[in-house]
Amino acid sequence: MTHVLKIENLHVSVNGKSILRGVNLTMNHGETHALMGPNGSGKSTLGLVIAGHPGYEVTEGSITLDDQDILDLEADGRARAGIFMAFQRPISVPGVKMADFLRHATTNVRRPDRKEGEELIAMREFRKELKQKMEQLRMDPEFARRYVNDGFSGGEMKRAEILQLAMLQPKFAILDETDSGLDADAVRLASSSIAEIGREKMGLLIITHHDKLLEHNPPEFTHVMLGGRIVETGGVDLAQELHSQGYDRIRQAHPDAERANQEMTSDDQAELAVG
Amino acid sequence: MATDLGIDQSQEIGDINKYNFRTESQAVFKARKGLDEEIVRQISEMKNEPEWMLDFRLRSLEIFNAKPMPSWGGEIDIDFQDIYYYLKPSDGQEKSWDDVPQEIKDTFDKLGIPEAEKKFLAGVKAQFESEVVYGSLKEDLAKQGVVFLDTDTAVREYPDLVREHFGKVIPPSDNKFAALNSAVWSGGSFIYVPPGVHIEFPLQAYFRINAENMGQFERTLIIVDEGASVHYVEGCTAPMYSSESLHSAVVEVVCKRGSRCRYTTIQNWANNIYNLVTKRAMAYGDATMEWVDGNLGSKLTMKYPAVYMMEPGARGEILSIAFASQGQHQDAGAKLVHAAPHTTGQIVSKSISKNGGRSSYRGLVRVEKDAKHSKCNVVCDALILDPQSRSDTYPYIEILDQDVSIGHEASVSRIGEEQLFYLMSRGLSESEASTMIVNGFIEPLVKELPMEYAVEMNRLIQLQMEGSVG
Chain H
2 MTHVLKIENL HVSVNGKSIL RGVNLTMNHG ETHALMGPNG SGKSTLGLVI AGHPGYEVTE
62 GSITLDDQDI LDLEADGRAR AGIFMAFQRP ISVPGVKMAD FLRHATTNVR RPDRKEGEEL
122 IAMREFRKEL KQKMEQLRMD PEFARRYVND GFSGGEMKRA EILQLAMLQP KFAILDETDS
182 GLDADAVRLA SSSIAEIGRE KMGLLIITHH DKLLEHNPPE FTHVMLGGRI VETGGVDLAQ
242 ELHSQGYDRI RQAHPDAERA NQEMTSDDQA ELAVG
Chain E
-8 MATDLGIDQS QEIGDINKYN FRTESQAVFK ARKGLDEEIV RQISEMKNEP EWMLDFRLRS
52 LEIFNAKPMP SWGGEIDIDF QDIYYYLKPS DGQEKSWDDV PQEIKDTFDK LGIPEAEKKF
112 LAGVKAQFES EVVYGSLKED LAKQGVVFLD TDTAVREYPD LVREHFGKVI PPSDNKFAAL
172 NSAVWSGGSF IYVPPGVHIE FPLQAYFRIN AENMGQFERT LIIVDEGASV HYVEGCTAPM
232 YSSESLHSAV VEVVCKRGSR CRYTTIQNWA NNIYNLVTKR AMAYGDATME WVDGNLGSKL
292 TMKYPAVYMM EPGARGEILS IAFASQGQHQ DAGAKLVHAA PHTTGQIVSK SISKNGGRSS
352 YRGLVRVEKD AKHSKCNVVC DALILDPQSR SDTYPYIEIL DQDVSIGHEA SVSRIGEEQL
412 FYLMSRGLSE SEASTMIVNG FIEPLVKELP MEYAVEMNRL IQLQMEGSVG
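Quick mapping for you: the protein sequence lines, in order, are chains H and E.
First residue of the first sequence: 2, per the working numbering; consecutive thereafter.
First residue of the second sequence: -8, per the working numbering; consecutive thereafter.
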């Protein structure tokens, strides 16, 4: 069965201020989609809303995964249903070792019906798999012993996110600027890692400004977001055009969305929780 | 180990109501309720004590009666006449678990003490109500001259050693509850480690209150002679009753030159226990004293382990974890007195408040005049889990010498929405995520505990966290 993530007419506000204004997007399992757009156009918000961030209010529309409405699920329910988001700015959790955190997360995602307190996946099996995934991503084994994102460099954080992606094997993954703050080598490593995990095994929504990430993971679809809506959809050539020429053409072609975008970015609150 | 990915078992979850059970136990002697000279004399007589100890008790009772209740800390509402001060559970102390009365042995079996002894302890004392009912010490340690006894027996068998130090580190006049303990004390551990002897595995005592309206007043005295070292661990539990019980211990530690003592406490009282404990150590030249103090449960805990650094090179370290939940007030902290030059102190305190619980850090750092080149660092962090809960910090710093270095950092944080969301977006439920954040918060202290206690500590936190998220 092919999994489908479908977003229909999605409207979202924060503190009464409208940020998404009718997003439509359908992704099939195995497809890679690029989501591009100028700052403040709502890209990260869309990712966070799909992942279930409690700070956003969905005022209209729906998100379904294989025809199941996921808007009623909390973030953990969505993760267990097969949604994953790599954060633009991952949050640190001091004192919690990566390995312990990942063992919990992996167990819950693989056994969605697990109740709190029930057994975790066997230690040996888990260690073996984690070790193998870390080798594949060329990560120091010491990494597993460090505290979640605590004192990580920008590059380490992003690689930790990719490791989580590799372990959790979601049906659909959103990568929110997984390339931001990385130097060219790190971007190359990150993008080839994603390719190695096997993007054909999931649906990927890549939010990016960078063509390197897309070079290793060429999107079948490119969506451009402006003013809280997807205003254009094209193929890989659209991504290339935006990367080389910027958003001027898009802004001129969609004056309503451009006006909405300016309204949104003029207010600091639009940046809320983008991190 | 190359394959070790740093996973520990500490997140595993055990049974839930491990401590809240009561044993039907018939005491062989129960003093009547209430506190007066007659009761004190009765206790002393039951124990067949020397005259000096009876005098010490009677003097302490006078001090107790004369002293007002502390005007700070938590609210204490104790009817001192409604408490049993002495309850003797069995006829004597056994050296084999098989000889301990069945119902008492069952209690300690449930608490896992005999099993722990087999696995990783050098010696064990188990106290039930007022008396130690079981005691053991590895033979090779006994041969090296290590003494590990209940304090009552030590008074009889090592009168000179006991008399030299008993009540000297903490005199009865120190505070009202130290005076109370001094008047009615019973049980507790006495440890003597001869010069140069290092005890590799911990010695452990377990204190169990089983009866209602019971007062437990154990008295522990540890003497670590020159260049020796010991790690002593105590655990405390009690079942839940409708009326309050009182635990008021006194712990005195003497660390002679070049010695090292670590005293680890993990208390998990039912939340109708008043836990009012005085703990103090004297550290002499180049000696190191460490208190690792974990406080969970109780209605009110007031406990501030102290190190007096008496000679140059002495070190005092206090690590404290307090967890206050509904109806609980943890007034915990630490006290460091730099009484000599070149002494070094450190306090790390972590407190967690949830479901309307209140935790306070109360700490004192005092640097005496001429304690030059002394260093002290204090870090206290508080984590508040919900808006109903409360955390306060009362740091007192008294510095009488200029030539010293003192640092103090304090932070208060709330579990952030972003942290919760991050963990939940990886499939952790809200309560699993909160528990993980809390365990992470105390991890710097938990990793100081021996493995077995670290597992226990995390498990206790887990139990405290259950149902904490509405």
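Be careful, since some hints might not be right.
Okay, the calculated beta carbon distance ranges per label pair [stated by the list, open to error]: (1) H/A123 / E/M442: 50 to 60 Å; (2) E/S233 / H/G78: 55 to 65 Å; (3) E/P441 / H/D141: 23 to 33 Å; (4) H/R260 / E/P435: 50 to 60 Å; (5) E/P186 / H/P142: 51 to 61 Å; (6) E/R381 / H/E117: 25 to 35 Å; (7) H/P142 / E/E443: 45 to 55 Å.
It is worth saying that the hints were derived from the structure and are not from the lab.
Backbone N, C-alpha and C define an ideal beta-carbon position, used for all residues, glycine too.
TODO: Could you tell me whether the CB distance from H/A123 to E/M442 stays inside 50 to 60 Å?
DONE: 20 Å, violated
TODO: For H/P142 and E/E443, compare the CB-CB distance with the range 45 to 55 Å and indicate the outcome.
DONE: 26 Å, violated
TODO: Take the C-beta atom of H/R260 and the C-beta atom of E/P435, compute their distance, and say whether it sits inside 50 to 60 Å.
DONE: Holds, at about 52 Å.
Task: Beta-carbon spacing of E/P186 to H/P142 - inside the hinted bounds 51 to 61 Å or not - done: 44 Å, violated
TODO: Could you say whether the range 25 to 35 Å given as a hint is met by the Cβ separation of E/R381 and H/E117?
DONE: 27 Å, holds
- [ ] Mind checking the hinted window 23 to 33 Å against the Cβ distance between E/P441 and H/D141?
- [x] With Cβ atoms ~28 Å apart, the hint holds.
Open item on the list: Given the hint of 55 to 65 Å, is the C-beta distance from E/S233 to H/G78 inside that range or not?
Closed with: Distance hint for E/S233, H/G78 is violated at roughly 40 Å.
The structure shown violates the earlier hints numbered 1, 2, 5, 7.
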